[in-house]
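Read off the chains here:
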Amino acid sequence: MSNQSKTTLDYERLVQTEDFKGLVRRKKNFATPYVVAFFAATFLLPLLTGYTTILETRAIGYMTWTWVYAFSMFFMVWIFTSIYMTKAKHFDVEVDKIIEKNVLK
Amino acid sequence: MKMDFISALIFFSVIALTLFITWWAAKQTTTASDFYTAGGSLTGWQNGMAIAGDYLSAASFLGIAGAISLNGFDGFYYSIGWLTAYLVVLFLIAEPLRNLGKFTMADMIGARFGAKKVRGAAALNTITIVMFYMLAQLVGAGALIKLLFGIPYAGSVLLVGTMMLIYVLFGGMTATSWVQIVKAMLLMAGTIIISFLVLMKFNFNFIGMFDAMRNATPHGEAFLHSGVVYKDTIGLISVLMALVLGTAGLPHILMRFFTVKDAKTARSSVIYSVWIIGLFYILTIFLGFGAAKFVGADAIIAENAAGNMAAPMLAGVLGGNALESFVAAVAFATILAVVAGLVLSGASAIAHDLYGQIFKNGKVTEKEQVNAARWASIAIGVFSIILALGAEKLNVAFLVSLAFCIAASANVPTILLTIYWKRFNTTGAVVSMLSGLIVALVLVAMSPSVWNPVEGAALFTGEPIFPYPLPTIFSVPAGFIGAWLGTVLSAKRHEELETSYAEVRFKAETGYRELDN
Numbered sequence: 059m060s061n062q063s064k065t066t067l068d069y070e071r072l073v074q075t076e077d078f079k080g081l082v083r084r085k086k087n088f089a090t091p092y093v094v095a096f097f098a099a100t101f102l103l104p105l106l107t108g109y110t111t112i113l114e115t116r117a118i119g120y121m122t123w124t125w126v127y128a129f130s131m132f133f134m135v136w137i138f139t140s141i142y143m144t145k146a147k148h149f150d151v152e153v154d155k156i157i158e159k160n161v162l163k
Numbered sequence: 024m025k026m027d028f029i030s031a032l033i034f035f036s037v038i039a040l041t042l043f044i045t046w047w048a049a050k051q052t053t054t055a056s057d058f059y060t061a062g063g064s065l066t067g068w069q070n071g072m073a074i075a076g077d078y079l080s081a082a083s084f085l086g087i088a089g090a091i092s093l094n095g096f097d098g099f100y101y102s103i104g105w106l107t108a109y110l111v112v113l114f115l116i117a118e119p120l121r122n123l124g125k126f127t128m129a130d131m132i133g134a135r136f137g138a139k140k141v142r143g144a145a146a147l148n149t150i151t152i153v154m155f156y157m158l159a160q161l162v163g164a165g166a167l168i169k170l171l172f173g174i175p176y177a178g179s180v181l182l183v184g185t186m187m188l189i190y191v192l193f194g195g196m197t198a199t200s201w202v203q204i205v206k207a208m209l210l211m212a213g214t215i216i217i218s219f220l221v222l223m224k225f226n227f228n229f230i231g232m233f234d235a236m237r238n239a240t241p242h243g244e245a246f247l248h249s250g251v252v253y254k255d256t257i258g259l260i261s262v263l264m265a266l267v268l269g270t271a272g273l274p275h276i277l278m279r280f281f282t283v284k285d286a287k288t289a290r291s292s293v294i295y296s297v298w299i300i301g302l303f304y305i306l307t308i309f310l311g312f313g314a315a316k317f318v319g320a321d322a323i324i325a326e327n328a329a330g331n332m333a334a335p336m337l338a339g340v341l342g343g344n345a346l347e348s349f350v351a352a353v354a355f356a357t358i359l360a361v362v363a364g365l366v367l368s369g370a371s372a373i374a375h376d377l378y379g380q381i382f383k384n385g386k387v388t389e390k391e392q393v394n395a396a397r398w399a400s401i402a403i404g405v406f407s408i409i410l411a412l413g414a415e416k417l418n419v420a421f422l423v424s425l426a427f428c429i430a431a432s433a434n435v436p437t438i439l440l441t442i443y444w445k446r447f448n449t450t451g452a453v454v455s456m457l458s459g460l461i462v463a464l465v466l467v468a469m470s471p472s473v474w475n476p477v478e479g480a481a482l483f484t485g486e487p488i489f490p491y492p493l494p495t496i497f498s499v500p501a502g503f504i505g506a507w508l509g510t511v512l513s514a515k516r517h518e519e520l521e522t523s524y525a526e527v528r529f530k531a532e533t534g535y536r537e538l539d540n
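Chains as they are written, first to last, in our numbering: chain A, 59 to 163; chain B, 24 to 540.
Worth flagging that the hints you see were computed from the coordinates, not collected in a lab. Predicted, not measured: the structure shown is a model, and the values here were computed from it. Treat each hint with caution, since some may be false.
Straight-line C-alpha distance at most 20 Å; calculated EDC-like pairs for lysine to aspartate or glutamate [to be verified]: (1) A:K155 / B:E526; (2) A:K155 / B:D285; (3) B:K530 / A:D68; (4) B:K445 / A:D68; (5) B:K287 / A:D150.
Let the sequences and hints guide you as you build the complete structure.
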């Protein structure tokens, strides 16, 4: 390998391969709904507390729905990170295949 | 609080432990990579703990506990925003950043745009953010130690400043990381103990605690509702936007992703940190409610108007002098760990980006790099200590939120577009970084955070021209618009040293690196 360490790969060709395009597409399709969901969840909270009173009613005892919403944000973070971890392992396998097939041949 | 034998023992044990770590780390710090990134040797859980230790600053521990105790739910917005921020980091930034960069955030942007002006702008942003953030921590530390041990403010700032320089100068990133790991453990232990004691006082009845809180504060039931502080929704959204997006642009947090060997480990370190940070922010409810109920708003305000002493005072009420000393020592370690990380990221911008890459064109030996980094650490450290000595009256929470606002506006658009926008170019990157920075600073300078009609309530006396305390809702779009305008208007121009987007994209997604770098 050492004698070809200066070789620059043909990246234009690499990013056009079906494998790579598929990887990018699957990553995007996976991540987009989660990104949209957590931004929406984050900025919906101040909109609801600022412009409406629907979260101001009591949910359990004197704990209002505002608190329930806030706590569910924590669970959202933990669940989304766990899902990301699981999914990312699949992408790792795909990446290894792409490198093996296109770069280390 | 008076310093008795047990307090002194606990306090000096913590200091001794961190100094031992530094002595141990110093033996392993020889190369530039050791100094900046601990040689990329940290494991996922170690870096996860260190991220938590780097992130949970005095603003989190002292600030949020105080804010919840005085303002109820409105204080909890900080906990929500600062945790959700990690989804932005994990889903959009952590892995591409690790795959493209080497030591600093500017390296990652420089992997696509090699021009010196891009690196210079990135270094300028890093130094600006670090200075505001560090000023907040040093001012907070000065006030804390002054209150706890009766040492004058100037002496307290000098003590903290000297300690942070010792860690960084001798132990580099290895010492800084392990100080952060130990601090995260101590902070979690302290927070869990206090929360347990608070919950015990409420007979382990979580719902009953809310019931008890509605009569426990001057706010009455409003304490349990949003709106005690944030009466204006746009202002609140602006604050949340700074917290959620700003994290992804904080140089000292981004730098932590270079201390692990690859993107997989970077990813797993985010997972560990999200669990630790999330648990901590949930527990801030017990700190805040407990302080409001068992210390009382009057006593908290009498000690510090912003409520910064709520958590140590609560520990004193619940567990006596020993627990209060322990919590004070934890707060001290918290600040030290954060400022050490800040010094290191500021020094890396000066020594690696400005001196090494721009001034010396990357032609520096290992020894020169490490020496430059140490001198830069001293420069950053001494400069921030001098600023902090004159800034005793500045509001700590404001300085921290300003750092987040600048990070969100000046750094995040460029970081995201470098990874994800094909047409983005050199001019776009420079215009984006500068417009985000300038719009954020100018609007803050005209805001109620700086101007107040009541004399002494803010830096200047007078009516603010800009209505919101933080301008994030305007300055983040300014960063993106700057990126778009700069890119479109210079599309025909040929820029040297631009790496093709195909290469950047391939490396960002796969982590592939050519052998010569």
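For each hint, the structure was consulted:
no.: 1; hint: A:K155 / B:E526; in the structure: holds, 18 Å
no.: 2; hint: A:K155 / B:D285; in the structure: holds, 17 Å
no.: 3; hint: B:K530 / A:D68; in the structure: holds, 12 Å
no.: 4; hint: B:K445 / A:D68; in the structure: holds, 17 Å
no.: 5; hint: B:K287 / A:D150; in the structure: holds, 8 Å
Violated hints are absent here; each numbered hint is respected by the structure.
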